[in-house]
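> Fit chain B to the given chain A structure using the hints.
Spelled out from the first residue to the last, the chains are:
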Amino acid sequence: MSKVMGERPKALLDVPLHYCPGCTHGIVHRLVAEVIDELGIEGKTVGVASVGCSVFTYNYFGCDMVQAPHGRAPAVATGVKRARPDNVVFTYQGDGDLAAIGMGETVHAAARGENIVAIFINNAIYGMTGGQMAPTTLPGQVTQTTPYGRDTSVAGNPIRVCELLSSVKGVALAERVTVDCVKNVKAAKKAIKKAFEYQMAGKGYCIVEVVSTCPTNWGMAPGEALQWLRDNMLPYYPLGVYKDVGEEGEQ
Amino acid sequence: MSDKVLMKGNEAIAEAAIAAGCRHFFGYPITPQTEVAAYMSKRMPKIGGVYLQAESEVASINMVLGAGAAGVRVMTSTSSPGISLMSEGISYIAGSDVPCLIVNVERGGPGLGGIQPSQSDYFQATKATGHGDFHMLVFAPSTVQETVDLISDAFDLGDKYRMPTMILSDGLLGQMMEPVVLPEAKDPTDNKEWAVKGHQGKRAHNVVNSLYIDPKELEDLNIARFEKYKKIMETEQRAEEYLVDDADIVLVAFGASSRIAHSAVDMARKQGIKAGLIRPITLWPFPEKTIKKHIDHAKVFLSVEMNMGQMVEDVRLTVQDKKPVHFFGRTGGMVPTPKEVLEQIVKLNGGEC
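Read top to bottom, the protein sequences are chains A and B.
Start counting at 1 in the first sequence, then tack on 226, and there's your number in this note's numbering.
Start counting at 1 in the second sequence, then tack on 800, and there's your number in this note's numbering.
Chain A extracted, bound-state conformation:
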């Protein structure tokens, strides 16, 4: 007798994903969809797709979706949420989208305490355009546009988004997670669920940063990429809760 051990979450549509082998987007999509299912909110959720590898999320999530210009997802989400306060609204953004071109929109949505969730994929590279330097590219990291390694005296320093946003009043949750192993996947899901619950409780802006891999543009096999993430990404981007207003809300 065969036994069903796990099923596709209902909020994740039964369509092929376009992501490269070993990319962690698929895991994060699944976690977001599981949370939407568990909270029973697919019918009132609106997702905002950004520009980057995750641009096609509007084809993958079963909830209503709107696609935003590059970096503008927090502003588009603000418009949706202000128009439909009873809807649950989330953005799904990469590092270039959220921390470079969209940093202004991000910080101000956070400062307004905009009642939205940002799922932030930090893989230290621009994936869709073929592997250019991102605002989170590590010092010395080789990318298509830092062929000799990121020289911080020329190309500046990588931005730690959760640390930065933790200083902003209006942020209810800023947590950094990763999905390199079962334990961390479980912790990531818990953080995502908390973020959605906080929004439903009206607590304010929540961001869950997922330290992720890009095997294709890092030029590594999927397993190698996960090890590189542990050895290089996590020391610069330590996992943890950077801000959590808790049950009481912001004091």
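These are computed hints drawn from the structure, not numbers from a lab.
There is no bait here: all hints are sound.
Derived DSBU-like pairs: lysine-lysine, alpha-carbon spacing no greater than 30 Å straight-line:
| hint | chain 1 | residue 1 | chain 2 | residue 2 |
| --- | --- | --- | --- | --- |
| 1 | B | Lys846 | A | Lys395 |
| 2 | B | Lys1002 | A | Lys419 |
| 3 | A | Lys236 | B | Lys1002 |
| 4 | B | Lys1139 | B | Lys808 |
| 5 | B | Lys997 | A | Lys419 |
| 6 | A | Lys416 | B | Lys1002 |
| 7 | A | Lys236 | B | Lys997 |
| 8 | B | Lys997 | A | Lys395 |
| 9 | B | Lys992 | A | Lys236 |
| 10 | A | Lys395 | B | Lys842 |
| 11 | A | Lys420 | B | Lys997 |
| 12 | A | Lys416 | B | Lys997 |
| 13 | B | Lys1099 | B | Lys1122 |
Okay, now just chain B, sitting in the frame of chain A:
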């Protein structure tokens, strides 16, 4: 409300939008449109609406995109440099077929330019408000009352055709006070089936999107959108004619400059010169039907604008070398006087002034 009230152009814009059922305003301060936002910030909280000051015009137009995608009546207002910043978002809005109202209270340019009235965003409004193949419905009122009336139409037509609409005002119309009768309040039904507002488990998910990676699919969509534009060009052209039927010299002017051209026509008539005025009310679609009616009897056309000559190109395209088309304008925030326009009319009539 049917009483006549004295209102500033910019405040009338805000009140007319509220009367049209708009309860969502996103904007960023810029002169000379500031009164629109200030008025909205006062009124919206009292009527259960949303006024939100964004961190930039880039953000405010994307908030408009979000609220419009969610199916509500939404607007923003700004002035010329602000439209440049919004052009990305306007292109996405057009490409996503989202209705919204954008008000441009024009000022002089290019660059930071000046804060005095101008009409130098005609090209931007009618030809290329952003990247890609698209148009907006563009209305150019010439009085505060007409501004009020057109705002209501702009919202309705935007919803009807699922497209962004623009009121192209200027610092002169925005700042002047005139008596207006405000329209009856509308309560538009919340029934946009394509909107993203949660499917409630009752339908497949809606997607509001402008990305089409398959070029054939994108071409087909653009062609379909231009079929819609063609229909709009056939049915939505608007223009006012003043003493044109027997005119030898036909002036073409919109918005604030049409008021000056109107006075100049009166002055010319007093001198026995047969001058008339065609005043485009829609700039896109350009009212070529009205102009074409008068090509045969007109001896010459004169486009009067507050810029270096922009609409004159559309007049020329319409007249097609059948008659001479001239231009007169002031720019940089300078407003032509009726006397200056009259001098042009007299000259075109073969006389000296």
